[in-house]
Structures are given as C-alpha cells and as structure tokens.
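A.B. asks: Spelled out, the chains give:
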Amino acid sequence: MIDTILQAFSLFATWDNAIVLGLGVIIGTAMGAIPGMTTPMAVALTLPFTFSMQPVTGILLLLGVYKGGIYGGSITAILINTPGTPAASCTALDGYPMARRGEARRALDMALYASCTADFISNLSLILFAGVLASFALKFGSPEVFTLIMFSLTVIAGVSGDQLLKGLCSACLGLLLAVVGLDLIYGTNRFVFGEVNLMGGLTFIPVLIGLFALPGIIDSFGRLELSRDKSPLAGVGATLADYMANLKTIVRGSFFGVILGAIPGIGAAPAAFLSYAEAKRTSKNPNNFGKGELEGVAAAESGNNGVAGSTLIPLLALGIPGDITTAIILGAFMIHDLRPGPMLFQENLDLIYALFMGILLSSAYLFIVGKFSIRIISKIADIPHRLLFPIVLVLCVYGAYAYNNSMFDVAIMFIMGGIGFAMLKLSIPAAPFLIAFILGPMLEDNFRQSLLLSKGSFSVFFSSPICIFFWLLTIVALVVIIRRAIQGKPSLKE
Amino acid sequence: MNLLKNKDLMVGLLLALLGLVFLAVLIPFGIVEPKKVRYLAMSPSFYPRLVAVALLLFGVAISVRAYIQGYTANETDPSWRQDAWFRVSLVFIFLTAMALLLGQLGFVISSTIAIAALCYLAGERRLWLIAPIAIIAPIALYFFFVKVASIPIPAGVLKSLLVGG
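Heads up: the protein sequence lines correspond to chains A and B, in order.
Numbering of the first sequence is given in the working numbering, commencing with residue 115 and proceeding in unit increments.
Numbering of the second sequence is given in the working numbering, commencing with residue 211 and proceeding in unit increments.
The shape of chain A in the complex, shown without the other chains (with noise of 0.2 Å):
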C-alpha cells in the first residue's frame, strides 16, 4: 500500500502536473464564464492537447477544466444574469439581485467559497467512497430517478415566491417546452410541425439565455436611468463570518452533490436546486429568498460544485460515464490505453492515487483561481448599464449562437427573450419555467421508462425503499408548501 501511494506520488508530483492542472482550472473558469460555452464544450476542446501528454498529465488538464467550468458558470450568472451553465442558474435567482443591490464581491466571493468546500468534500468522497457510493447508485433505475426527480420539482414553490400558483403554471409551461422533439420511445414528432431544426428539441442555452437575462436588459430600457443603490457592503467581499454562517447549507449542500453526482445522469442542476430549496425550508429568512440572499447563493453553488468529484465516482469504479464531460474524459483515459473500471482498480492504483492526489490539488487551485478572478471581474458590475447592457445583449447573440453554431437557436434566444419579458410583466416568476424545462425530459423519461419495465403497472414507483423514501419527501414537501400558502394571505398588489 506505501508502495503504491508511493509510486503514485512520484507520477503525480511533476511540475507538468501542476501547471497543467492550474492551467485547466484557469481555461474551465473562463469557458464557464461564458455564455454558450458549457463545461462539456472546454473539455472537449481542451481534449486534442491531452493526447501527447502523460496520462496523469492529460486527464489532470481535462479535470482541471472540467472543475474550472463548474465554478466558472456562476460568475456570470452573479453579474450579468447570465447563467453559463444550466445548475448556475439557481445561483444568479439571488446572486444577481446581491450585485444589483451593488454586493457583487460579496455574492462572488460566497460563490467561490461555497465551491471551494463543496468541491473538497465531493474530493475527498470520491476518494473515500467510490466503492459504496457506486454500489448506492446502482441502485438507482428509472423508477427511483423518477421519483427522485419529483421530489426535486418542490423547489419549484420555493423559487415562485408569493406567487405559488403563477410559479406552477410557469413550471407547466416549461414541461410542456421540453416536450419539443422526437419521441424517444416511439420515435414521433411532438410540437415539431415540420420545423427539422426542433426535431432534437429545444436546446437549452438559448432557452437559459433568453428567459434569464434578456427580460431583464430590456425591461431596463423603459425604466429611468437610475442611480445605483449605494451598499454600505460595495466592494467588500464574504466575510469568515459569512461563511460560518453559511456553513451548514454549505456542508449539507455538497452532500446532495456527492449523493446525486455519483447517480449517472442526474448532473449538477437537480443538486443545486435540491440544495436550494432545503436551504430555503430550513432558513430563518425564507422570504428573503430570490431578493438576494447570501445563504441561497451558498446553498446553489455547494449543490453545483458538490457533482465535481463524485461524478467521477460511477466513472473509476465502474467503468460507467455518469454525464457529457465524464464520457468526454473517458475518451481520454481510452486515448492512453487504459479502461476504466474495477480493472483499473487493479492493475492501475497508483495512476488512480496519483488522478485522487491531483483532484485534492484542483480544489486549492480553484480558491487560488476564483480568488485572483473576482477582484477583477466584479468590477464589471460598476460599469454603467446603459454600456454594459448592450454589450451582454450582443453576448448572448454570441453564446446562444456558440452552443450548436445554429441561427436557428439564436432565433430561439430572441423569442424566449419574448415570452420572459411577457412573464415578467404579467408578474409570472421564470425560474419555475427554467427549473421543469431542465428537470422535465428526466422526469418524462424516466416516468415511461419505469413503466415499460413494468409492462404498465403503476406499482412501479413503489418498488423499492428509495422510491418509498422520495415519495415520503415529496409528500412531506407538500404539506409545508401547502401549510405555507394557507397561513400566507396572497395579496394581488404584485
């Protein structure tokens, strides 16, 4: 065992493995930054470099990037509305409003923390874990997703605010978008009418793009040019005691990400919007939610950055890719001969401790990285908006463009930016529509997959203690969203 920590010390402690890993960190938090550029797009672009590298090198660059990209999608999402990924948008529901309110630093810095720990704690289960974690996620087949999946479509009272019935009837409509496509079971149209370009549905960059930050940009060309509120908080970053506070929703964020990113397919939005909505039933200011509360911008990004390591859990142990970017970097351990699996386990240990020893490095360069990042990138939230505006409209043209290099999405983009800017007017909270347009093609896919196993029986979704233990959850939810609406007087003066 010292043999091998030791061997894999000496493949690991290279200088090309520590620049090589700062490096994928900076690239990642760059691309992530960027709307348009998720983080399965950086690391495919960054995998053609891998191949003349070490393995350790190379996969340490891709992993580099991959966490980078993770964490990078909330800086945008903080300072411009602009989400670049789909889980950093439960971080803009309270980062944006913070810099509005000229807390910029404040929220970027809560960010950067929050992802920092969530990614260490996801490190250091995937390396303590892997073996149980993997077993646990097996376990997970369709009807256990599905139900999973309802128990996360709570949050959506949780992001709608005072508006509980406006917030389902968005969540409808964004269910009722993802529909768009081919069937995947019988492989007909719905809602395509002829339109080839929506045969694959409708991609969710441009639909992120539109719904969150265009509403915003042009509702602001009717208001008066108005002076910034001025925050007694303005360029003053998270403090210690920010963080300890926040550092249960932190903790138990990152624990929704280990538990959810080690189960393939789920990804990091249904974490960040699980942690989210916990967050919010256990804080002592649930209504300050989605005004710009410290603890939501916490408990999103934890949720998020939580997936970072134990994603990875499926993809050593088993063999199995558990997302776009883990099949991306199996493509680079296949590059370099080597097949991920209990296998790997075996004839490869020290390469794997020298992968887990690079991962645990990749969390202290994150904070470097992020830290170095934002004294400079939250000035851009003191630049004027009647110049920033137009800019990250253009930007968004770019990104929604960038993503599958389609006007057709761009197109998309504008007539989303329609219907969220109708939305907000009539006083309908998006969030909702966002949250069902991601959750939903799971939740329909799993729903009939669950009962083509079961040949029709709804029995299904209760064949297993997980699914009895998410029903409970959801039922649970329920009762508190509904108790909540009760004692709560609706008002109509929106």
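The hints are simulated quantities; they were obtained by calculation from the structure and are not laboratory data.
Please note that the accuracy of each hint is not assured.
If you want the ones that stay clear, here's a sample from chain B, every Cβ over 12 Å from chain A, calculated [said to hold, decoys possible]:
(1) A264
(2) M308
(3) L371
(4) V373
Part of the chain A face toward chain B, derived, beta carbon under 7 Å [claimed, not checked]:
(5) Y300
(6) A516
(7) F528
(8) I529
Calculated cross-link-like contacts (lysine-lysine; reagent style DSS-like; alpha-carbon spacing at most 25 Å) [as the list claims (entries may be wrong)]:
(9) A/K485 <-> A/K539
(10) A/K569 <-> B/K245
(11) A/K398 <-> A/K539
(12) A/K569 <-> A/K253
(13) A/K405 <-> A/K253
(14) A/K405 <-> B/K217
(15) B/K246 <-> A/K569
(16) A/K569 <-> A/K539
(17) B/K217 <-> A/K539
(18) A/K362 <-> A/K485
(19) B/K369 <-> B/K357
Where a beta carbon is used, it is the ideal one built from N, C-alpha and C, also for glycine.
Using the hints, position chain B against chain A.
C.D. replies: Chain B in isolation, oriented as in the chain A frame:
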C-alpha cells in the same frame, strides 16, 4: 370594466386559455401518435395532456382567486418611464433587425450597429465612448470564439477581412 383591470384575473384566464389551446389544438395536431400504443400512459401525448390539464386548472385557480379577492388598483412603477413602451418596442425592433441581419452582414457588423444603437437608446451620448465599444467588443468576441473556442462565427461581409480570401 373593473374585471378587465384585474391583472391576475386576466393572467389566469390567459394561462387557462393557453392550457385549452394545448389540449384542443397543439396536442391533437402537433403530436404524432403511433399506430399502436401498448399502454395509455406510454402514449407520446399522455404526459403533455396531463401537464396541459394542470396548466388549465392552475390558470382557472388564479382567476377564481383574483375574482374573489376583487380588483386592486395596480400601483404604477415609479421608475417606469412615460415613453417606456415606445423604448421597449424599439429594443425589440433592434433585436429583430439584428437577428435578420446576422446572416447577411455577419456577426461583427450587426453587433456593432446593435451596440451603438442600444447604447444611444439607453442614454449614452458620448460618441467617443460608444464608437470604440461598438467596434472593439464584437471584434474581440469574434476572435475569441473563432480562434480560442474554434467556433465558426459567420463573418458575413467582413469575411475577406477577418478570415482572408
């Protein structure tokens, strides 16, 4: 008359109507059913129907609640300008024009025009500031996406200048 001014009542009716449109038009005509479906719940239209019914019911619930609570005058937003709708309409016109011009003129020229027009509309009058921003930002974005991210952004009329040849 008061009912028309009750914003939530109208929003609820609009959403319920949308649910009805899905149920009566979009789902029957927009979803192709396979010839044989083994179980009702497996049908491609089962889940959208379920969601559309929920939309209809929630929309009705919003209207009923708004009707019971009665009309409440909408407070006017103090920061909303008198010519706000005109300005917002102009933004939509600029964006539509930009979307149409992207293919013809390319991203750089269209973005330059859009940034300049939107900065002016937003209240910036210093041309010495608008001009460099409107020119440099699209070019910087273009080269980032093309050279760093390897994403082919349409150069349009500037193709010979930006791409060469």
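A.B. asks: Next, verify each hint and record whether it holds.
C.D. replies: Verification of the hints:
Distance check for B/A264 against chain A: the nearest CB is about 5 Å away, which does not clear 12 Å, and the non-interface claim fails. In this structure B/M308 is not separated from chain A by more than 12 Å, as the shortest Cβ-Cβ distance comes to only about 7 Å. No beta-carbon of chain A is positioned within 12 Å of the beta-carbon of B/L371; the least distance is around 18 Å. Chain A leaves B/V373 outside its interface by the beta-carbon criterion, the shortest separation being 15 Å against a cut-off of 12 Å.
Satisfaction of the interface hint for A/Y300 is found here, the shortest Cβ-Cβ separation to chain B being roughly 4 Å, below the 7 Å cut-off. At a threshold of 7 Å, the smallest CB-CB gap from A/A516 to chain B is about 5 Å, leaving the interface hint in force. Satisfaction of the interface hint for A/F528 is found here, the shortest Cβ-Cβ separation to chain B being roughly 5 Å, below the 7 Å cut-off. Hint status for A/I529 relative to chain B: violated, with the closest Cβ pair at about 10 Å, above 7 Å.
For the hint linking A/K485 to A/K539, the alpha-carbon distance of about 37 Å lies beyond 25 Å, and the restraint is violated. Of the pairs offered as hints, the one joining A/K569 and B/K245 holds, with about 18 Å between alpha carbons and a cut-off of 25 Å not exceeded. A distance of roughly 30 Å separates the Cα atoms of A/K398 and A/K539; the hinted pair therefore is violated under the 25 Å criterion. At most 25 Å may separate the alpha-carbon atoms for a hinted pair to count; A/K569 and A/K253 meet this at roughly 20 Å.
Between A/K405 and A/K253 the alpha-carbon distance is near 38 Å, which puts this suggested pair outside the 25 Å criterion. In summary, the hint linking A/K405 to B/K217 is supported, as the alpha carbons are separated by about 23 Å, within the 25 Å threshold. Note on B/K246 and A/K569: the hinted pairing holds, with a Cα-Cα distance of about 15 Å set against a maximum of 25 Å. Only pairs whose Cα atoms come within 25 Å are accepted, and A/K569 paired with A/K539 is rejected, the gap being roughly 46 Å.
This hinted pair checks out: B/K217 and A/K539 have alpha carbons roughly 10 Å apart, not beyond 25 Å. Distance restraint check for A/K362 and A/K485: the Cα-Cα separation of roughly 22 Å lies within the 25 Å cut-off, and the hinted pair is therefore satisfied. Of the pairs offered as hints, the one joining B/K369 and B/K357 holds, with about 14 Å between alpha carbons and a cut-off of 25 Å not exceeded.
In the structure shown, a violation is registered for the earlier hints numbered 1, 2, 8, 9, 11, 13 and 16, in ascending order.
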